[in-house]
Amino acid sequence: GENVEQHPSTLSVQEGDSAVIKCTYSDSASNYFPWYKQELGKRPQLIIDIRSNVGEKKDQRIAVTLNKTAKHFSLHITETQPEDSAVYFCAASSRGYGQNFVFGPGTRLSVLP
Amino acid sequence: GAGVSQSPSNKVTEKGKDVELRCDPISGHTALYWYRQSLGQGLEFLIYFQGNSAPDKSGLPSDRFSAERTGGSVSTLTIQRTQQEDSAVYLCASSPGQVANYGYTFGSGTRLTVV
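Heads up: the sequence lines are chains A and B, in that order.
Under the numbering used here, think of the first position of the first sequence as 1, with each following residue one higher.
Under the numbering used here, think of the first position of the second sequence as 1, with each following residue one higher.
Among these hints, one or two may not hold up.
Listed below are several chain B residues computed to face chain A (Cβ distance under 8 Å; list not exhaustive) [to be verified]:
| no. | residue |
| --- | --- |
| 1 | L21 |
| 2 | Y33 |
| 3 | F45 |
| 4 | G109 |
| 5 | T113 |
Calculated pairs, BS3-like style, for lysine-lysine (alpha carbon to alpha carbon, straight line, at most 30 Å) [said to hold, decoys possible]:
| no. | chain 1 | residue 1 | chain 2 | residue 2 |
| --- | --- | --- | --- | --- |
| 6 | A | K42 | A | K57 |
| 7 | B | K57 | A | K42 |
| 8 | A | K71 | B | K57 |
Keep in mind the hints are simulated off the structure, nothing from the lab.
A virtual CB, placed ideally from N, CA and C, is assigned to each residue, including glycine.
Same shape as in the complex, but just chain B (with noise of 0.2 Å):
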């Protein structure tokens, strides 16, 4: 597509429930991030795919969250048993390649809200 793309852009769930954030990166772009950004806060780092295999999954703050990839394109991030302090906007971001040559291109972000 033309831009990423990222749903829903808004979702509020009830403490306790799982929700899924969906991510659709640039056509031909292997590499794919997804950060958390709190309210007036900066850009967490939770986990990075190239490709379908995710290489550095150290940003995920607990067991709850998880993530994967599918075809090389889309990719779903996974957060089980929300928590009031999991609000956040979760943004998702895809490069063409190594990062050092390319930079990001961030979606919209969801803005997950967990009453």
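If we strip away everything but chain A, and leave its shape as in the complex, we get (with noise of 0.2 Å):
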């Protein structure tokens, strides 16, 4: 089956500074990449999602790459702000077309102001 594997683990940047978040996955068949972020106490809500067919997409400060032979993707953020703190999960279709997500195990995400 699908492993997800994430990196870091904890992050800690200055305000307006850049933050990248890697994650490998090990199904060549996974086709479907979302990113949640969870807030403290709160639900992990949608953020950014890339297919396979697509190498990068951005929307404003976020942005997410995907390397299917090398089988990882990547979340960017720039211009961190104070409430971009947060855990982030990556997240692998399996089983090809998918009947659920694998997630990694999070990033916790510290935006010093």
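Quick one: dock chain against chain with the hints and give me the complex.
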């Protein structure tokens, strides 16, 4: 089955700097890769996603890149703000067309003022 | 409804008692998922429903855990003879169809504490 690894587990950056979180996956059949943000005590919320036919996707300050050959994908946050502080989870669809996601273990991002 | 609704939001139960957790997905969403999140940990897959059937029960941690879904809508996760290690936030999510085409929408979760 699918296995998703995520690094780093914790990340601290100064406000205004960029943050990068990296994930690798094992199942070459996976073709959809969402990222979720979970603020303390709240539900995970989808912030961006990418499909396997695309190499990069941007939405304002956040972007995701995908390298299918190497089976890794990354989240990039530019001009970080204190409200970006949260736990971020990457995920990969399992079993090809996907009946569930396998999540990475999460990255706790702290943006320091 | 407008979002995924879970009840109760908090549940404290004594060790050995049974509990039922409820999830009401977004109207029209055919896929429903249960995950468990222990304190400070990631998201552990429990079970997935497509309509009323559960093609993937591989994540249920023991036979004390069961789930059902009726009418293609509401789902109930039941934990029998609760143990302290069952304490966690139980998250439900729903999706309009094949997850490869759509992301999940999560509910706010049920925080279960077994004392």
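Status of each hint after checking the structure:
Violation of the interface hint for L21/B is found here, the shortest Cβ-Cβ separation to chain A being roughly 15 Å, above the 8 Å cut-off. A least Cβ separation of about 6 Å between Y33/B and chain A falls short of the 8 Å threshold, and the interface hint therefore holds. At a threshold of 8 Å, the smallest CB-CB gap from F45/B to chain A is about 6 Å, leaving the interface hint in force. Nearest Cβ of chain A to the Cβ of G109/B: about 6 Å, under the 8 Å cut. The hint holds.
Taking 8 Å as the C-beta contact cut-off toward chain A, the hint placing T113/B at the interface is violated, the least distance being around 15 Å. This hinted pair checks out: K42/A and K57/A have alpha carbons roughly 26 Å apart, not beyond 30 Å. For the suggested pair K57/B and K42/A, the alpha carbons sit about 26 Å apart, so the restraint of at most 30 Å is met. Taking the CA atoms of K71/A and K57/B, the gap is near 27 Å; set against the 30 Å cutoff, the hint holds.
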